[in-house]
Amino acid sequence: MIRQHQVYSNGALLWQDTPGTPLPEFLRNGYDQFSGQYPKFHKMDHLSRLGWLAAEVLLQAAEPEDHLPGEVAVVLSNRSASLDADARYYNTVKDIPSPALFVYTLPNIVIGEICIRHGFKGEHIFFTTEGFDAALVTSYAQLLLDTNAATACICGWVEVMDGAYEAALYFVERRERANALPFTVENVKKIYETGSVLLPTSKK
Amino acid sequence: MEKLMADLKSQIIAQLNLQEVKPEDIGNDQPLFKEGLGLDSIDALELIVLLQQHYNIRIANPEQGPEIFHSVRSMAEYIMAHQKQQG
Numbered sequence: 517m518i519r520q521h522q523v524y525s526n527g528a529l530l531w532q533d534t535p536g537t538p539l540p541e542f543l544r545n546g547y548d549q550f551s552g553q554y555p556k557f558h559k560m561d562h563l564s565r566l567g568w569l570a571a572e573v574l575l576q577a578a579e580p581e582d583h584l585p586g587e588v589a590v591v592l593s594n595r596s597a598s599l600d601a602d603a604r605y606y607n608t609v610k611d612i613p614s615p616a617l618f619v620y621t622l623p624n625i626v627i628g629e630i631c632i633r634h635g636f637k638g639e640h641i642f643f644t645t646e647g648f649d650a651a652l653v654t655s656y657a658q659l660l661l662d663t664n665a666a667t668a669c670i671c672g673w674v675e676v677m678d679g680a681y682e683a684a685l686y687f688v689e690r691r692e693r694a695n696a697l698p699f700t701v702e703n704v705k706k707i708y709e710t711g712s713v714l715l716p717t718s719k720k
Numbered sequence: 087m088e089k090l091m092a093d094l095k096s097q098i099i100a101q102l103n104l105q106e107v108k109p110e111d112i113g114n115d116q117p118l119f120k121e122g123l124g125l126d127s128i129d130a131l132e133l134i135v136l137l138q139q140h141y142n143i144r145i146a147n148p149e150q151g152p153e154i155f156h157s158v159r160s161m162a163e164y165i166m167a168h169q170k171q172q173g
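Going down the list, the sequences are from chains U and L. First residue of the first sequence? That's 517 in my numbering, and the numbers climb one at a time after it. First residue of the second sequence? That's 87 in my numbering, and the numbers climb one at a time after it.
Extracted from the complex, chain U is given alone in its bound form (with noise of 0.2 Å):
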């Protein structure tokens, strides 16, 4: 979870920075915080930026190892889709259009950052809405489980706009584990209100 300049792992704070920090020196900090060594992290827009850190962090506390590649999904949503990124294209396209800023202008572009980053080749889909669903994206990702589809999927809600920003990740997987949470639409709405939810999820 990543909100007001802070960083949250299963209801801990991990990291804070400054309150007020603009949100590119806010990601370039939570980067060196958190990973480092990955220099493409730079070149991308603000939306995948946020939604590569949030996984990173989500990561760490996960174990996306015990999946093959193929078998973890992602399944993210958000408000503004690409919308910070095409603005930025759209003022560049005036003088020289940047290709650089053009290849983040759809959405889930996110999410191929962050596959490549962990090598995840599984089944993907971002949607747009006007909040976060947790309805739908539970629906979709426990079909993408009921079906083999995937093992494992990486859910939740990255948005960027104008400076905002708000990215509330979680992993579900189709295997049980000791403590995990039952993957309910409730608790998956109590992760995104509260941030604050102290376990895993999982399907049963």
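In silico lysine-lysine, DSS-like type, Cα no more than 30 Å apart, as pairs:
(1) L/108 x U/556
(2) L/89 x U/556
(3) U/556 x U/610
The hints are simulated quantities; they were obtained by calculation from the structure and are not laboratory data.
Could you slot chain L onto chain U? The hints should help.
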């Protein structure tokens, strides 16, 4: 030529957002792509934009790309040859 290559290194870093690279990390003859600086196809397009923005050079023949963008030195040589033609 040395001044031009130094300028190019700074411009490449800024244009391609290579935040973890310093000008002195880029050798004059170091390949910019693959095993060298590790640039990719989108970076190649940004280098074309760089030539246009900073040196008013439009590359007419895309097949020249690998030769022009092999290294900082090859870029500098191309710019100087182009400026000589114009001058």
